[in-house]
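Enquirer: Spelled out from the first residue to the last, the chains are:
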Amino acid sequence: MSQNTKKHHEPLIHIVKRDDMVWWQAWGIRLAAIVLGVLLIGIVSAVLTGESFFEVYGIMFRGVFGRIFEGKTSMLWKFGQDTVILLCLGLAVAPAFKMKFWNCGAEGQALIGGLAAMFCMIQFGGKLPEWMLVPLVIVSSIIAGAIWGLIPAIFKARWNTNETLFTLMMNYVATQIIAYYVYIVGGGSNVINPVETGALPVIGKSQYLLNILIVAALTVAMHVYLKYSKQGYEITVVGESQNTARYIGINVKKVVLRTMMLSGAVCGIAGMLLVAGTDHSINKDTVGGQGFTAIMVAWLGQFNPFVMVLMSALIIFLRTGAAKVADSNMLNSSFADISVGLVILMLVGCEFFIQYSVRLRRAKKGVEA
Amino acid sequence: MKRILAVLLAVLMLFTMASCGGNNEADELKVGFIFLHDENSTYDKNFIDAAVEACENMGVTMVQKTQIPESNACYDAAVELIESDGCDIIFADSFGHENFLLKAAAEYPDVQFCHATGTQAHTAGLDNFHNAFAHIYQGRYLAGVVAGMKLNEMIEAGTITADKAKMGYVGAFTFAEVMSGYTSFYLGAKSVCPSVTMDVKFTGSWYDEQLEKEAAQALIAGGCVLISQHADSMGAPTACETAGVPNVSYNGSTAAACPETFLISSRINWVPYFEYMITQVKNGAAIDVDWAGDLENGSVALTDLGTAVAAGTAEKLAEVEAGLKDGTVKVFDTATFTVNGEKIDSYTADVDTDDKFTPDTEAVANGIFEESKHRSAPYFDVRIDGITLLDEKY
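For the record, the sequence lines run as chains A and B. Quick note on our numbering: the first sequence kicks off at 3 and runs consecutively. Quick note on our numbering: the second sequence kicks off at 8 and runs consecutively.
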């Protein structure tokens with residue numbers, strides 16, 4: 003044992019796994035990452051546009067909220083609408099991702115849900131009374147989304163296919179079906195004219211209010227489901243370890259199928275909100291790639307629906323604001339994506355500092371003690 | 008927790024302070040533009056360049072929103088341009104924007120809405136909603152003349168015989184705008200090369216580089232010796248350059264990428280319309296419900312000729328152009344084409360938009376099909392002899 007005097011060649015930097023971090027420390031680091039990312043956006047924008055550093059944030063703020071101080075609230079409603087649609091898709095993928103089922107098909111599931119809504123609105127519009135048609139629109143889009151989510155889950159459960167690829171491919175199938183449907187209805191114009199039959203009613207001052215209320219209710223419901231229900235617990239266990247789940251008698255296949263149905267169904271709701279609630283029309287860009295952004299929302303929100311609200315709002319704020327900076331300076335519109343990317347990069351990167359601590363080589367004296 | 012709150016408050020104050028600065032200029036006119044894509048799309052670039060030029064010429068502020076899909080996002084963009092930027096005129100550049108722009112127009116009666124390529128202004132019953140297009144078929148016809156001259160050169164050189172003078176055309180959809188375009192192109196070619204025929208293939212997309220390329224290659228393999236297109240990508244021109252087949256392009260010159268095969272290109276120049284619309288609003292005058300520019304006022308523009316054109320093309324082109332301007336040459340003269348072997352005296356076109364594309368308006372008068380007269384967007388969709396549609400799935 004006295005041989006232990008052999009010299010340790012200690013590297014300059016140590017990376018040590020840490021599990022002692024309190025929740026507020028972790029969130030402090032994440033907040034710092036966001037602030038850093040936002041500062042970076044300001045610097046990059048100021049350099050590219052020649053605007054002053056602070057003016058960049060002014061433009062971003064105006065781009066998102068408009069002249070809110072002059073009592074014009076339309077932009078605030080739009081911000082709410084954009085946030086809840088992204089949030090709704092995030093809520094949809096959260097249970098699947100928590101179960102470590104990589105559902106990259108939110109885009110397609112939402113599109114198919116929207117298509118079902120559109121189909122009912124066109125097909126049964128004027129033939130059924132509105133009080134029957136609106137529920138039909140809602141139910142059919144939920145079912146359609148659920149089926150679209152269930153298909154890859156069945157293949158996964160039965161033949162262990164790769165769900166990432168499968169769900170991705172299903173997006174393209176959905177997009178093409180929509181393109182074909184738009185062609186059938188709209189012909190060469192490539193446009194379906196708005197259909198008012200079967201559309202969700204407008205309540206209150208803004209056409210977006212109902213959407214916001216529905217997603218708010220959905221957020222609470224998803225929180226309760228994931229945190230307090232037996233099914234939510236099963237999702238957590240399957241996500242942690244499938245073997246453990248089997249050991250304690252959970253039917254893993256059943257959980258996978260059920261959760262993907264739920265995931266697809268909520269996507270279907272998002273599609274329905276877009277088609278029956280907002281656009282009253284559909285095309286292959288209706289969801290606009292948000293099914294993919296939603297994955298970031300779910301991850302960054304750590305599958306906690308309330309944190310996901312903040313994440314959606316953050317991403318929408320950055321995207322809308324940066325688009326305004328780009329437009330008012332005739333920059334390419336990709337600038338908005340780059341800006342959002344910068345913040346997400348910071349956020350993903352900072353997880354490293356939450357999981358691990360970096361220690362410099364300790365002084366010689368310390369080692370010998 | 009307190010510290011986090013403090014940081015949050017500080018950030019919020021920063022925003023508030025910054026947002027209060029500026030934005031209090033005098034009452035100068037502001038024009039808001041809504042673009043489907045950005046300057047990377049040849050279609051939108053054509054609009055963006057014109058908007059910049061027109062706003063500079065007229066001394067008004069230009070505000071733009073790019074990447075606005077044909078969804079409720081278009082309505083949101085219009086509201087933002089009005090409420091947040093204080094725009095007095097809103098312009099949108101894509102066909103599918105129309106329904107969402109109409110929604111905004113109904114809510115903001117004091118703002119003028121102008122929409123390119125749309126069809127509903129004359130039936131919408133809104134005083135502040137207007138459509139605009141151009142007699143682009145004149146440009147297509149002239150481009151067709153250049154193509155016909157090239158075919159004649161090939162026939163004279165013995166490369167092809169007169170009955171093999173077949174052109175190919177890559178279109179997006181079997182849609183009046185496309186059909187009007189390829190028919191005028193064909194008629195232009197036929198006016199100088201009587202034996203010409205044409206095959207048309209549709210891609211089912213306004214922008215799909217791969218499909219357009221494949222369609223052009225298929226047409227070339229099918230015996231077409233000259234290609235033109237109505238789609239926005241470089242697919243067809245590139246396929247032609249590779250195969251060494253002459254190409255008439257659209258929306259701008261492709262001479263730089265295709266030096267050996269580029270003949271000519273026609274495009275709509277939107278500067279005259281933008282200047283018109285701004286002038287009207289400045290003077291408090293009404294904007295036409297439907298406005299269609301032509302060769303005369305510069306709305307229909309041609310690029311320079313490529314190096315591959317036949318000898319004497321420039322002279323012939325000038326001659327036909329003068330004829331179109333003074334009205335002695337009519338593109339859709341019913342004496343120059345037949346349908347199932349017969350001349351048409353009457354044709355009911357679908358001018359008023361409805362879901363079923365019901366024909367509703369007599370378009371032929373005095374032996375001429377009057378394109379873009381009853382509304383600015385094209386409605387010529389007659390299938391004339393000499394043109395074969397290879398696939399009609401779109």
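A hint or two may mislead.
Stated by the list, open to error - Mimicking DMTMM-like on lysine to aspartate or glutamate, the simulated pairs with C-alpha atoms at most 25 Å apart in a straight line are:
no., chain 1, residue 1, chain 2, residue 2
1, A, Lys74, B, Glu35
2, B, Lys52, A, Asp339
3, B, Lys380, B, Asp398
4, A, Lys286, B, Glu303
5, B, Lys332, B, Asp362
6, B, Lys52, B, Asp215
7, A, Lys286, B, Asp398
8, B, Lys173, B, Asp134
9, A, Lys129, A, Glu236
10, A, Lys286, B, Glu35
Stated by the list, open to error - Quick look at which bits of chain A chain B covers, simulated, 3 or more residues with Cβ under 8 Å:
no., region
11, 69-82
12, 251-260
13, 326-335
Unchecked claim - Below, a sample of chain B positions facing chain A; criterion: calculated Cβ distance under 7 Å:
no., residue
14, Thr49
15, Pro76
16, Glu77
17, Thr365
18, Asp367
19, Glu369
20, Asn373
To be clear, the hints were calculated from the coordinates, so they are not data collected in a lab. Using N, Cα and C, we set each Cβ at its ideal position, and we do this for glycine too.
Enquirer: Does each hint fit the structure? Answer for all of them.
Expert: Verification of the supplied hints:
| no. | hint | in the structure |
| --- | --- | --- |
| 1 | Lys74(A) with Glu35(B) | 21 Å, holds |
| 2 | Lys52(B) with Asp339(A) | 20 Å, holds |
| 3 | Lys380(B) with Asp398(B) | 30 Å, violated |
| 4 | Lys286(A) with Glu303(B) | 39 Å, violated |
| 5 | Lys332(B) with Asp362(B) | 36 Å, violated |
| 6 | Lys52(B) with Asp215(B) | 17 Å, holds |
| 7 | Lys286(A) with Asp398(B) | 23 Å, holds |
| 8 | Lys173(B) with Asp134(B) | 47 Å, violated |
| 9 | Lys129(A) with Glu236(A) | 44 Å, violated |
| 10 | Lys286(A) with Glu35(B) | 39 Å, violated |
| 11 | 69-82 | holds (count 6) |
| 12 | 251-260 | violated (count 0) |
| 13 | 326-335 | holds (count 6) |
| 14 | Thr49 | 15 Å, violated |
| 15 | Pro76 | 4 Å, holds |
| 16 | Glu77 | 6 Å, holds |
| 17 | Thr365 | 12 Å, violated |
| 18 | Asp367 | 16 Å, violated |
| 19 | Glu369 | 22 Å, violated |
| 20 | Asn373 | 29 Å, violated |
Checked against the numbered hints given earlier, the structure breaks hints 3, 4, 5, 8, 9, 10, 12, 14, 17, 18, 19 and 20 and satisfies all the rest.
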